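The residues making up each chain are set out below.
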Amino acid sequence: MSSSVKIKTLTIDERQVGARENQTILEVARENGIKIPTLCYLKGLSPYGGCRMCIVEIAGSPKLLPSCMTTVEEGMVVSTNSDRIKKYRKNLLELYFSERNHVCSVCASNGYCELQSMAQKVEMSHVHFPYMYPHLDVDATHERYVLDHNRCIACTRCVRVCDEIEGAHTLDIKDRGIEVRIITDLDRPWGESETCTQCGKCVHVCPTGALIERGKSVGEMSKRKQLLPYLTKMREAHE
Amino acid sequence: MSKTITIEPITRIEGHGKITLMLNDSGTVDNALFQVTQFRGFEKLSEGRRFREMPSLMARVCGICPVAHLIAGAKACDNILAVKVPETGSLIRQAINLGQIVQSHALSFFYLSVPDLVMGFDAKPMERNILGVLKKNPQMASDGIRLRKFGQTIIELLAGKRVHPAAIIAGGVSDPCSVEVRDKILSDIPEMMRIVQRNLDWYKQALNQNGSSSLRVSPFVEEIRSFANMKSLFMGLVNDDGELDFYDGKIRFVDSSRKIVADRLDPADYQNYIAEHVEKWTYLKFPYYKPMGYPKGMYRVGPLARLNVIDRCGTPQADLELSEFRGLSSGAVLSSFYYHHARLIEILYSLEKLEQLLSEPAFTGNKTRAIAGPNNLEGIGMAEAPRGTLIHHYKVNEYGVMQWANLIIASGHNNMAMNHGIMQVARHFVKGEKIKEGMLNRVEAVIRAFDPCLSCSTHAAGKMPLQIELARPDGEIVHRLTRS
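Just so you know, the protein sequences line up as chains A and B, in that order.
In this note's numbering, each residue carries its 1-based index in the first sequence increased by 2.
In this note's numbering, each residue carries its 1-based index in the second sequence increased by 538.
Just so you know, not all the hints are guaranteed correct.
Claimed, not checked - Some chain B residues close to chain A (C-beta under 7 Å, calculated; not the full set):
| hint | residue |
| --- | --- |
| 1 | 591 |
| 2 | 594 |
| 3 | 595 |
| 4 | 700 |
| 5 | 707 |
| 6 | 831 |
| 7 | 937 |
| 8 | 938 |
| 9 | 939 |
Said to hold, decoys possible - Only part of the chain B face toward chain A is listed, based on derived beta-carbon distances under 8 Å:
| hint | residue |
| --- | --- |
| 10 | 586 |
| 11 | 598 |
| 12 | 704 |
To be verified - Subject to a maximum C-alpha distance of 30 Å in a straight line, what follows is the list of computed DSSO-like cross-link-like pairs (lysine-lysine):
| hint | chain 1 | residue 1 | chain 2 | residue 2 |
| --- | --- | --- | --- | --- |
| 13 | A | 37 | A | 89 |
| 14 | A | 218 | B | 582 |
| 15 | B | 797 | B | 769 |
| 16 | A | 45 | A | 89 |
| 17 | B | 622 | B | 582 |
| 18 | A | 227 | B | 699 |
| 19 | B | 699 | A | 218 |
| 20 | B | 905 | A | 227 |
| 21 | A | 65 | A | 123 |
| 22 | B | 582 | B | 556 |
| 23 | B | 905 | B | 933 |
| 24 | A | 218 | B | 905 |
| 25 | A | 218 | B | 622 |
| 26 | B | 699 | B | 974 |
| 27 | A | 37 | A | 10 |
| 28 | B | 834 | B | 699 |
| 29 | B | 823 | B | 556 |
| 30 | A | 37 | A | 8 |
| 31 | B | 622 | A | 176 |
| 32 | B | 699 | A | 123 |
| 33 | A | 65 | A | 37 |
| 34 | A | 218 | B | 933 |
| 35 | B | 699 | A | 92 |
Since the hints were made in silico from the structure, they are not lab data.
Predicted, not measured: the structure shown is a model, and the values here were computed from it.
Positions of the beta carbon are idealized from the N, C-alpha and C atoms, including for glycine.
Excised from the complex, chain A in its bound form (with noise of 0.2 Å):
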C-alpha cells in the first residue's frame, strides 16, 4: 500500500474499523465481514446505487444513505441494521414484488434469484402495497437469451456489465421512475440487435429471472456468480 493512502477510522455496527479514504462504507464493510444487503451492486461493476437495499443509518445525518455510494469519513458511526433499516428495506422490497408481475413458482430462476432471496432473508411474508400488474413484453428474439420485463427491477447490472466489462454497450436505459425500461440498441428486437457479441455476461449477472437462456424451463437458470469476478481478475492480472 502507498504511503500516500491516508487511512480513516470510523464505526460500524459499534465496531472500530479502519478504511483507506476513497473506500465506500459498502466495501469497508464487506472487508471487515458486516454483511450489507446488495441488489444493484456487484463488485467489479461501477457502483450506481439504484436499489437502495445498502442503506445505512450515519449518526448525525438525518437521511438514509445507500453504503454503495457514500465514501467514508473520519469518526463516522455507521449503523447497517437498525429497526428503521430493516423497516425501508422490507418496505422497498413490498414495493418491487408489487411494480412488475414477479410470479416466482413459474419463473426460471426459481430458486436462484437474488430478489427472492432477498425477500426471504429480511422476511417479507406480505407485499402491502398493491400490485400493479403492468402488461410488459417478454423479448423471446434473440438466438440465445430472453429478456422478461417482468422479472426486471431496473438494476441496470446487464447494462453496465454490457458498457464497462464487454463494451459492446448493446444495452441501455429508456424512460424514468417506473416507465424505466431495459433496451437493446436503439429500442429495437434484442434479436435485430447488431452490437450484440452474445457473450451472456448480462444474463449472469442479472439477480433475477429477467434476463435467462433460451430453453430454461421453471427454476433452471441458475446465474454463474464466478463469472464477474473471474473476468476482473484477469484482467487485473494482465494490466
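With chain A held as given, fit chain B onto it using these hints.
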C-alpha cells in the same frame, strides 16, 4: 307455487359450485342446475409468456392433480419442440402420473366419499367425514391415508416435491431417477396392493351386505339407480392394444351399450370431434361429441368412462376386477355411483403398472429430456387426469411466446352429465318444501361421485359452509338449512 332450492357452496368437492333446484307446485323438482360461479382465466393469462413456463403455469389451476396438467402441458410443448421424449423421460413421467392417480383417487374415495358409504347418506354431517370413518373403521381410514401418502411420496421422489413439482418440462423430465429411489418405491408396492384389495373387498361387500349378489337388495340400491344412471357416451384414451393408458394413446368413444362410436381419434384432431357449448348461467362450458351435436353428444370421462371404453386394463389383478365390474351391466356400466368402484380398480391398475414401469431397465437411464427450440407454432397435449381427459392446446409465435391457449378439462367434459345426474337424483330424493339434510347430501354426492375439480375446470378455490335456501319466486325464503 314454484320454489327454488339453492345449495351453495357444495362441500367435499374441489372448488366452488352451487346447485339450484327449482320445485314445481306439487313440490317435486322441475329443473336442476349445476352452476360454477367463479372464473380465473388461465388461458388468457398465459398469453405473452414463454411456452416453456406453460406446464408449471397450467399446473397451478389445481393443487390436487397438478401432475396431469404438467403432463398434458408438457406434451403440448413436446409438439411445439417437435421432439420425441427419450424413453427414460417418458417412463418417469408415466410413473409420476400414476403416483398422482393413486393419491388423488385415494383422496376422492377415502376422504370424500367413504364417509357416505360407511356412515350412511343420512348420518349427521358432523359425523359424516374422515374423522367419523376413523372412529368407526380405523383400518379403512388409515388405509386411505397410507395410500395417499404413497402416491404423494412417488411424486416427491421422482419430481422433487408433492404439489406443483417443476420436474416435468418440455421435452421430458429434468432429473433422472436413481436406483435407490426406484427400489424404495418398488418395495412399498406389495403393501399398497394389499390395501387396495382389502378395500375393494370391503366396498363390494358394503354394496351387498346380505351376501346376495343382487344389487336390488343393496343398501345403496336407490343411490345406484339414481346417481346419474343414464345413457351417455363415454370417452377415454386407450393404447394400441385397447388397454387403459393414462399417459398416451388415442381417443375412443363408446355408447351406453359399449359399442365403439369412434376409435383411434388423434388427440391433435380434437376440434373435429369435440366442441364446447356455452350457457349464460355458469362459467363451466359444456363440451360435447361434435358429430352428434348438443346436447345429444353428452359424454362422460374419468374412471367409469375409462373402464367402459377399454378392452382390458392390461395388468392381471386389475383385469380380474374389471371382468367382475363388467358383470354389473350388460353394456357399459351406466350408474355414476360406480365411479367409486372404478376408482379402486384404477388404483390397483396404477400399482401394477408402476411395478412394470419401474422394472424397465431404462427407468434409471440418464437421458431424460430432448433438447430443441420451438419448431412448431402449435402443440396439443392430451393425458388422463384422475378425473378424466385433459386437453391442452397452445399456439406460439416463432420465438416461442404464447399467443393463445385452450384447455378442456376433465370436469368440463362431465359437465352435461353432472347436470343430468343432479336432475335425476333430485327428482328421486327431494320432495316437498321441507328439506332434509340427507336429501341434499345425495344431491351433492352425485357430484362427488364424478369427483369434479372445479378449480381445474374454471379455476375457483376455497370451501365455505354449505347453505341451502328454499325460496319462492318472489324471493321469500321459506326454508333455510345451514351446514357449518
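Right, here's what the structure says about each hint:
{"no.": "1", "hint": "591", "in the structure": "holds (5 Å)"}
{"no.": "2", "hint": "594", "in the structure": "holds (4 Å)"}
{"no.": "3", "hint": "595", "in the structure": "holds (5 Å)"}
{"no.": "4", "hint": "700", "in the structure": "violated (14 Å)"}
{"no.": "5", "hint": "707", "in the structure": "holds (4 Å)"}
{"no.": "6", "hint": "831", "in the structure": "violated (38 Å)"}
{"no.": "7", "hint": "937", "in the structure": "holds (4 Å)"}
{"no.": "8", "hint": "938", "in the structure": "holds (6 Å)"}
{"no.": "9", "hint": "939", "in the structure": "holds (5 Å)"}
{"no.": "10", "hint": "586", "in the structure": "holds (6 Å)"}
{"no.": "11", "hint": "598", "in the structure": "holds (7 Å)"}
{"no.": "12", "hint": "704", "in the structure": "holds (4 Å)"}
{"no.": "13", "hint": "A:37 <-> A:89", "in the structure": "holds (17 Å)"}
{"no.": "14", "hint": "A:218 <-> B:582", "in the structure": "holds (23 Å)"}
{"no.": "15", "hint": "B:797 <-> B:769", "in the structure": "holds (12 Å)"}
{"no.": "16", "hint": "A:45 <-> A:89", "in the structure": "holds (26 Å)"}
{"no.": "17", "hint": "B:622 <-> B:582", "in the structure": "holds (28 Å)"}
{"no.": "18", "hint": "A:227 <-> B:699", "in the structure": "holds (26 Å)"}
{"no.": "19", "hint": "B:699 <-> A:218", "in the structure": "holds (19 Å)"}
{"no.": "20", "hint": "B:905 <-> A:227", "in the structure": "holds (27 Å)"}
{"no.": "21", "hint": "A:65 <-> A:123", "in the structure": "holds (24 Å)"}
{"no.": "22", "hint": "B:582 <-> B:556", "in the structure": "holds (25 Å)"}
{"no.": "23", "hint": "B:905 <-> B:933", "in the structure": "holds (28 Å)"}
{"no.": "24", "hint": "A:218 <-> B:905", "in the structure": "holds (17 Å)"}
{"no.": "25", "hint": "A:218 <-> B:622", "in the structure": "holds (18 Å)"}
{"no.": "26", "hint": "B:699 <-> B:974", "in the structure": "violated (43 Å)"}
{"no.": "27", "hint": "A:37 <-> A:10", "in the structure": "holds (20 Å)"}
{"no.": "28", "hint": "B:834 <-> B:699", "in the structure": "violated (42 Å)"}
{"no.": "29", "hint": "B:823 <-> B:556", "in the structure": "holds (15 Å)"}
{"no.": "30", "hint": "A:37 <-> A:8", "in the structure": "holds (24 Å)"}
{"no.": "31", "hint": "B:622 <-> A:176", "in the structure": "violated (43 Å)"}
{"no.": "32", "hint": "B:699 <-> A:123", "in the structure": "holds (23 Å)"}
{"no.": "33", "hint": "A:65 <-> A:37", "in the structure": "holds (20 Å)"}
{"no.": "34", "hint": "A:218 <-> B:933", "in the structure": "holds (19 Å)"}
{"no.": "35", "hint": "B:699 <-> A:92", "in the structure": "holds (29 Å)"}
Hints 4, 6, 26, 28 and 31 from the earlier list are contradicted by this structure; the remaining hints agree with it.
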